[in-house]
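S.K.: Listed below, chain by chain, are the residues.
2 protein chains.
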Amino acid sequence: MSSADQGRPRPGTPAGLAVIGGGQLARMMQQAAIGLGVRIRLLAEGPDVSAAQVIPDHVVGDYTDLDDLRTAVADAAVVTFDHEHVPPEHLAAIEAEGHACRPGPHALIYAQDKRAMRERLTELGAPCPRWAVVESPGDLADFGLPAVLKTTRGGYDGKGVWVVREPADADEAFASGRPLIAEELVDFRRELSAQVARRPSGDVVAYPVVESTQVDGVCKEVVAPAPDHPDAAQDLARRISTELDVVGMLAVELFETRDGRLLVNELAMRPHNTGHWSIDGSATSQFENHLRAVLDLPLGPTDPHHPWSVMVNILGGAVEDLAAQRSVVLAEDPGVHVHLYGKTVKAGRKVGHVTVVGDDLDETLSRARRAADLFEKGSTDG
Amino acid sequence: MSSADQGRPRPGTPAGLAVIGGGQLARMMQQAAIGLGVRIRLLAEGPDVSAAQVIPDHVVGDYTDLDDLRTAVADAAVVTFDHEHVPPEHLAAIEAEGHACRPGPHALIYAQDKRAMRERLTELGAPCPRWAVVESPGDLADFGLPAVLKTTRGGYDGKGVWVVREPADADEAFASGRPLIAEELVDFRRELSAQVARRPSGDVVAYPVVESTQVDGVCKEVVAPAPDHPDAAQDLARRISTELDVVGMLAVELFETRDGRLLVNELAMRPHNTGHWSIDGSATSQFENHLRAVLDLPLGPTDPHHPWSVMVNILGGAVEDLAAQRSVVLAEDPGVHVHLYGKTVKAGRKVGHVTVVGDDLDETLSRARRAADLFEKGSTDG
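Quick note, the sequences are listed as chains A and B, same order. If you read the first sequence in the working numbering, its first letter stands for residue 5, the second for the next number, and so on. If you read the second sequence in the working numbering, its first letter stands for residue 5, the second for the next number, and so on.
Mixed in with the good hints, there may be bad ones.
Listing some non-contacts, in silico: residues in chain B with all C-beta distances to chain A over 10 Å [to be verified]:
(1) Asp300
(2) Ser331
(3) Asp377
Computed footprint of chain A on chain B; a stretch qualifies when at least three of its residues, placed anywhere within it, have a C-beta under 8 Å from a C-beta of chain A [said to hold, decoys possible]:
(4) 46–60
(5) 109–121
Which bits of chain A does chain B cover? Going by a derived footprint, with three or more residues having C-beta under 8 Å, they are [to be verified]:
(6) 39–50
(7) 322–333
(8) 337–348
Since the hints were derived computationally from the structure, they do not count as laboratory data. We treat Cβ as the ideally placed atom computed from N, Cα and C, and that holds for glycine.
Bound conformation, chain A alone:
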């Protein structure tokens, strides 16, 4: 018996696709890759991160280090991403060396840099909250309060975002020394997300628009489709994907204001938390369509299987042993689709999600919430 010989590129079996970043998005891409017969090579942050647990052909390295990136993409013609944090200059270098980055750096910059995104969307006439570059408390006073301050780069899941109701709320943001933009604090009725997949050729498929609920800046709950959603959201996502030349999945997160306007909140150019429902609820999951898009394969249909799909994130809570809790959750409701990410539980960390599909929204919602609650708290009593 010999031990397994994985790790570095295997002779004779080139990777079909390099994926940078070993989080749960890369992990769920692997489920789709297994079906399609796509061999993924992963650049993982550590030997046992979420996606490294399920992708044999991985190298451990730092995505901010160009040499590590080069090793990981080696013989892969196409490169895609679990997150938006690879430095743009490294992406340019990899492209220059003959690898197709999908999405390409010229598109990805609008998911990496919020100022660039606001400038470009404003140019395109896409509806945005009122915004401005702010370099000082004086600039912010001119912009007016309340406002939201955001670092232009590197923020996610509520990090790098400050709601400023009075001047002192901005101290931390300015003290960070990072470039900032201010945005109008939108009085929204709800948040929507419009997702599309786009091929290099320009073909686009759109998923049903969904409604998402955030708690402390972190996505908690998604209802697909969003009840009474405006078609304009889907049209806007299609248009943005085309104008920005996105390849792969694009999520356009939107505010729906109380007076019925749609405003673009964020862009993500990868599979997105608001599309996880599609694994269990749609004819083609966002992960499969992401792979199909970046590999320039024809895109799959996005029709839901059932009238309603509800996804609820499992955020790290009182329960430490999620595997043990799995049997409790499934005993309560064997029809819940469980997705665990192989991560150590930490307070508030996304460690998994559940999806429930059904014909009745209230029932579907309460089943999904109850399952996530059981995973977080251990019980739903009291």
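Keeping the supplied structure of chain A fixed, place chain B upon it in accordance with the hints.
M.R.: Using the frame of chain A, we list chain B on its own:
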């Protein structure tokens, strides 16, 4: 950057489940395991077999070697299987050493040994073709022709099976020196398969009965559910799983005779080719329910998403580069669910399958057949 450190058991992360055998069934179990958050350790026949491509924690070894088996199951409390070929005495040894084999050797023997299976089913009063142990051409003459000769052990996909219409057809079988049984050559109208999943506690869920079509002893096509299928098939599968104390998936392959009787053809105690449709067509795939059953988790619902699901196997043909052909198939019909097994194409070898779901049987069937044809022949013209 360090290379990946997989292979032997990782310190601190015990495998949730050991799987013996690295074929496509283990590969598809991994898709379900990723969702459930189950860590699989695989015993693979080679470093790049189908499932070893997608399961990092694998050891390469020989499933007929007890030491290799011991290394693979190491810290895994539960052991399950991609195939039925592990020697019964090794299974008994592993069980004695504290690992739960699921299915257990006392059940699995009825999927390993056709004589034991016929004796036990006869005892239970389960309907079987007329059969007898035959040790010589004289025994076979007494049994009567035409007949089917089968080796009691080690046959699969038409191997170890001889249709005997005249005495000379039996020469190869008797020359093999292997123990044989003779069975009546059943004049069947069609073949059905009834699948159930069963937990150690005895809970059972049944999948819809499907119709399967074999070509040269190899499964080619499955329609789920079988049109006008008898409920008796499902009842029989439930009963056999309980009487034989099967844990995990059980497939009961059945002949439906022209006069409407059901006769048991074969038993398989693992996910089965006749259940692949469930990945794309059912609320819970057979692979997820196999994992749930062997890990003693509550079983998932088996309802189909659509009125019809059709699965057609891709058997090795003229097309060598299946990955390249994938774009041709999806361009013709982007709604086809493609499953490639990462295997080298050889004539007649199962290298993948396609599933199509729909509302109209004829259309669903012709779409699935056309996709499989394109994967095998490169075109469907002429």
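S.K.: Determine for every hint whether it applies to the structure shown.
M.R.: So, going through the hints one by one against the coordinates:
1. Asp300: violated, 7 Å
2. Ser331: violated, 5 Å
3. Asp377: About 18 Å separates aspartate 377 of chain B from the closest Cβ of chain A, which puts it past 10 Å; holds.
4. 46–60: holds (count 8)
5. 109–121: violated (count 0)
6. 39–50: Our answer is that it holds, as 6 residues pass the Cβ test (under 8 Å) against chain B, meeting three.
7. 322–333: Contact hint for the segment 322–333 of chain A vs chain B: holds, 4 residues under 8 Å.
8. 337–348: holds (count 8)
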